[in-house]
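Asker: What follows is the residue order along each chain.
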Amino acid sequence: MAEQVVKAPMRARVIRYHAQAGSKVAENQKVCDIEALKMEIAVYSPVAGTIKEIHTEAGAHVDADVPLFTVET
Amino acid sequence: MEPILDISAEVWGQSGIVALTWKHPIMWAVGLLFIYLAIAKKYEPLILLPIGFGIFLVNFPASPLMGTGDEYPELLRFFYQFGLAWQILPPLIFLGIGAMTDFGPLLSNPKTLIIGGGAQLGMPITFIGAIMIGMTPAEAAAIGIIGGADGPTTIFLAQQVAPHMLGAAALAAYSYMAMVPIIQPPIMKLMTSLDERRIVMKQTRQVTRVERIVFPILLAGLISLLVPAVMPLMAMFTFGNLMRESGVVDRLSETAEGALVNIVTIFLGISVGATMAAEQFLTPIPLFVLALGLVSFAICTAGGILTVKVMNLFLKPENRINPLIGSAGVSAVPMAARVSQAVGAEANPQNFLIMHALGPNLAGVVATATAAGLFLALFG
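Just so you know, the sequences run in chain order A and B. In case it helps, the numbering used here puts the first sequence at residues 93 to 165. In case it helps, the numbering used here puts the second sequence at residues 1356 to 1735.
Watch out, some of these pointers could steer you wrong.
Stated by the list, open to error - The list that follows gives simulated cross-link-like pairs (lysine-lysine, DSS-like), each with its CA atoms no further than 30 Å apart:
1) B/K1544 to B/K1397
2) B/K1378 to A/K122
3) B/K1544 to A/K130
4) A/K99 to B/K1396
5) B/K1557 to B/K1664
6) B/K1378 to B/K1396
7) A/K116 to B/K1378
8) A/K99 to A/K144
9) B/K1378 to A/K130
10) A/K122 to A/K144
11) B/K1557 to B/K1671
12) B/K1671 to B/K1466
13) B/K1378 to B/K1544
14) B/K1557 to B/K1544
15) B/K1557 to A/K130
16) A/K122 to B/K1544
17) B/K1557 to B/K1396
18) B/K1557 to A/K99
19) B/K1466 to B/K1544
20) A/K122 to A/K99
21) B/K1544 to B/K1664
22) A/K144 to B/K1396
23) B/K1671 to A/K130
24) A/K99 to B/K1378
25) A/K116 to B/K1671
26) B/K1396 to A/K130
27) B/K1396 to B/K1466
28) A/K130 to B/K1397
29) A/K122 to B/K1557
In short, the hints are calculated from the structure, not lab data. Note that the structure is a prediction, hence the values are computed from the model and not measured.
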């Protein structure tokens, strides 16, 4: 089994997650929304698999490269 | 009976009704249109609401608002005289913008400065085009600068080189800033292939605090030497940024980017609106300004994208730049960068262009101000 950690692409605020640990996700399925520069930006799963872990909570402020979620394939 | 009739006639004569002409209701409609766009469509409401109300107010000709008065200027004329004619308000707005601006994305990838320069392409082209259809060089400059989509810079230049165009030029610049998400995407898609839109760029590097502090000082020195005419804007811009990055005067930089910029925006907006009285505004000139300003803006957008495409010819494949960040070289910050992100994510949902796009976006602010400086040096 391989895992892929998806990190915040920039300093942002996590608005909401659309999945939780254990959810099945398809490739390019929206997993969470973050907000940067007053813009809502969707973060998608890069692969099909299962969400192994959600690393932050909605409302959290994250720096670039902080892990958001891990997908297990 | 006669005295009563005399008094009635005098009251009637001094009312705002007798001085009305057919032009005034048209200008009320223009003012109300911008108030509507600000409230219902949220188009740059912070500036278009005061401008719209200013237009509405000055088109009641008997109101003592924009006249020169017997002893003192009337209220809005006073704001206009001391704020715009004396060139105080646009530089103060730039002080606030400097305090808001994080130059990190530009400093982490200085190549993006070139893109900001390329995205000013619409200015010389529109400038020449406007002269060819009979505008004076100064009027053509005030129209060309609209392509940079930078409101304060447009006001700063237009007031000095073509004050009769100030209102229309400011309206055009702020309207096109608001319409960036509508105007730019078709041009971006037309000029790029799907493969180009899918280019994933390398993560930008972290910028040190020393770099951030040195940058505004260097920029102020450089612009002072090269384009001194625009220093009223750039002096305030770099000062605001230095306050922000120094980290030791948070109270000052917070005031500059918050309360001060809000206060200044109120007076800037209503003063600009007040320049649009029917007698001056209802001529063919504002239509030229709006149409040619749009052309300039579209060419500036295309110029940024073209610049990236040319740069990519000289870059290693792994360092290629996504041409969608080129359109952000106009200075509408951060709207143009947001549009790069949105169009890029359509082509590749895994792509995050917004931080990369902020580089040319910030470079665009500097480049548009520099272009204004060049125009001022020539026609000011």
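Asker: Tell me the hint numbers this structure goes against, listed in increasing order.
Answerer: 2, 4, 7, 9, 13, 17, 22, 23, 24, 25, 27
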